[in-house]
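Peer 1: What follows is each chain in one-letter form.
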Amino acid sequence: MSTSVQPASAGAGGGGGPSGLADVIDTILDKGLVIDAYVRVSLVGIEILTIDARVVVASVDTYLRFAEAANRLDMTKSEKGLPDVIADAKGVPSQDKAKDMIQGVVEEAGDSLGELTGKQRDPAAEAAESETEVEVDRAHQGPPKRKFRPKREEG
Amino acid sequence: MGRPTKVSGASAPDQAAAQSQTLGSYVYGIVRANAKLPSGQRGLGDPAGEVRLIQQGEIAALVSDVRLDEPLGRPDDFYAHERLLDALAAKGPVLPFRFGAVLASADAVEEELLGPHHDDFLGALNEVEGHAEYVVKGRYDEGTVLTEILAESPEAQALREAIRGKPEDATRNERIRLGEIINASIEAKREMDTNLLADALTGLFTQAVIRDPSHEQDAVHLALLSRTDEQERLEQALREFGQRWEGRVTLRLLGPMAPYDFVVAQA
Chain S
1 MSTSVQPASA GAGGGGGPSG LADVIDTILD KGLVIDAYVR VSLVGIEILT IDARVVVASV
61 DTYLRFAEAA NRLDMTKSEK GLPDVIADAK GVPSQDKAKD MIQGVVEEAG DSLGELTGKQ
121 RDPAAEAAES ETEVEVDRAH QGPPKRKFRP KREEG
Chain H
1 MGRPTKVSGA SAPDQAAAQS QTLGSYVYGI VRANAKLPSG QRGLGDPAGE VRLIQQGEIA
61 ALVSDVRLDE PLGRPDDFYA HERLLDALAA KGPVLPFRFG AVLASADAVE EELLGPHHDD
121 FLGALNEVEG HAEYVVKGRY DEGTVLTEIL AESPEAQALR EAIRGKPEDA TRNERIRLGE
181 IINASIEAKR EMDTNLLADA LTGLFTQAVI RDPSHEQDAV HLALLSRTDE QERLEQALRE
241 FGQRWEGRVT LRLLGPMAPY DFVVAQA
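Protein chains in written order, with full-length UniProt numbering: chain S, 1 to 155; chain H, 1 to 267.
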């Protein structure tokens, strides 16, 4: 419907952007260069966050939710009043619910993050590791051309 | 080691050395040695360290001090990491690091990171010069996509009729089957629409990576490495697609960002 260009971290400070944090997490947690063997600073709650931010594995719950959405979808327009029909056709209520769900997940993860931060005061200076390996994947070797990489299998 | 090295920025290295028990150097990414830092930019952590460059030869690491006894990973930490990198990416080439890279000290950054990999980093910086990452996200409108699927699948139609007006418990199997069909149909549509959009954007990106969907109703999740001077054309092309998909897919374009998806560490 609408296309807007915004920095991925838009809405961060103002607390406005509905999926701001999710977008950021999506981007910086499993992408970018990695150095092996650096000082271990405890990264609290990130595992949880990473998993939760990628709730896309279809489950029975997903199926049941889809089925219910289809059930509610009024294609005949015979049983409901007009406002309901319009709302359904636009998918407004269910979409909001989905949005809430996602946000809920992230916020929840944020909460547990806070908790963990309080508890896990790992004296994390677990020895400065000595060797550092950096691997740079020249993502665009060769002549510029359209190339799709296969999805990475992980997590 | 052999290269001339200096630490720029206001914080005194000697002081940092005295606190080396508790402070480490958080590395955001690699930039050219002459990159300009956005003024007043604070790093992540609490208290937020001052962002500075550790230069060596033609490259520099973008770092700030972090306390080693404080865990990282609050939302503000994520924002700080990405904001800083994206701000630099808008002005010049950046090699972003994954969140959470910390070395023991500024010396370690020079000796273990910059020194041994100077030429690799420089080569990679040259390659991303003039480019930035843009992410296209599309989300299906639930009502529209369900209507499409029901119209296309007689089985889904029949199942929908079968569960209509009946309690959830009594129609559980039918519901699961219906949901399965819907899910599979969305996956197929996602693949088709993603390819359709990528085709339409041909010429506007140097490289593309199809990202995993981050939501079950995702229509498109595409990371593009594009020339920053093509951004307007990219926006225009997406605007046209947005109109074409009006009411069906909501499109968002994020960027310019550091090329997170295009400097992937090899396993």
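Incorrect hints may appear among the rest.
[What the hints assert, rightly or not] In silico negatives: residues of chain H with every beta carbon more than 10 Å from chain S:
#	residue
1	32
2	33
3	37
4	41
5	48
6	75
7	91
8	154
9	164
10	175
11	188
12	196
[What the hints assert, rightly or not] A partial selection of chain H residues facing chain S, derived with a Cβ cut-off under 7 Å:
#	residue
13	46
14	78
15	99
16	101
17	115
18	122
19	182
20	216
21	263
Derived from the structure by calculation, the hints contain no laboratory data.
Cβ coordinates follow ideal geometry from the N, Cα and C atoms, glycine included.
Peer 1: Confirm or reject each hint.
Peer 2: Okay, the hints, checked on the actual structure:
For residue 32 of chain H, the non-interface assignment is confirmed: its Cβ lies about 15 Å from the closest Cβ of chain S, beyond the 10 Å cut-off. For residue 33 of chain H, the shortest C-beta to C-beta distance to chain S comes to about 17 Å, beyond the 10 Å cut-off, and the non-interface label holds. For residue 37 of chain H, the requirement that its beta carbon stay farther than 10 Å from each beta carbon of chain S is met, with the minimum near 17 Å. Distance check for residue 41 of chain H against chain S: the nearest CB is about 13 Å away, which clears 10 Å, and the non-interface claim stands.
At roughly 14 Å from the closest C-beta of chain S, the C-beta of residue 48 of chain H stays outside 10 Å, upholding its exclusion from the interface. Listed as outside the interface, residue 75 of chain H is inconsistent with that label: its C-beta sits roughly 5 Å from the nearest C-beta of chain S, within the 10 Å cut-off. The non-interface label for residue 91 of chain H is consistent with chain S: the shortest C-beta to C-beta separation is roughly 13 Å, beyond 10 Å. A cut-off of 10 Å between C-beta atoms confirms that residue 154 of chain H is not in contact with chain S; the least separation is 14 Å.
Not every CB of chain S is more than 10 Å from the CB of residue 164 of chain H (nearest about 7 Å), against its label as outside the interface. Taking the minimum C-beta to C-beta distance to chain S, about 4 Å, the non-interface status of residue 175 of chain H is violated against the 10 Å cut. In this structure residue 188 of chain H is separated from chain S by more than 10 Å, as the shortest Cβ-Cβ distance comes to about 13 Å. For residue 196 of chain H, the shortest C-beta to C-beta distance to chain S comes to about 13 Å, beyond the 10 Å cut-off, and the non-interface label holds.
For residue 46 of chain H, the suggested interface contact is broken, since its CB lies about 10 Å from the closest CB of chain S, more than 7 Å. Below 7 Å, beta-carbon pairs count as interface contacts, and residue 78 of chain H has one with chain S at about 5 Å; its hint therefore holds. Because the closest C-beta pair between residue 99 of chain H and chain S is about 4 Å apart, less than 7 Å, the hint holds. At its closest, the beta carbon of residue 101 of chain H sits 5 Å from a beta carbon of chain S; the interface hint therefore holds under the 7 Å criterion.
Look at residue 115 of chain H: its Cβ only gets to about 10 Å from chain S, farther than 7 Å, so that hint breaks. Interface hint at residue 122 of chain H: violated, since its Cβ lies 10 Å from the closest Cβ of chain S, which is beyond the 7 Å cut-off. Hint status for residue 182 of chain H: holds, given a least beta-carbon distance of 4 Å to chain S, under 7 Å. Taking 7 Å as the C-beta cut-off, the interface hint given for residue 216 of chain H holds, the closest approach to chain S being about 6 Å.
A hinted interface residue such as residue 263 of chain H counts as satisfied when its beta carbon comes closer than 7 Å to some beta carbon of chain S; here the least separation is about 5 Å, so the hint holds.
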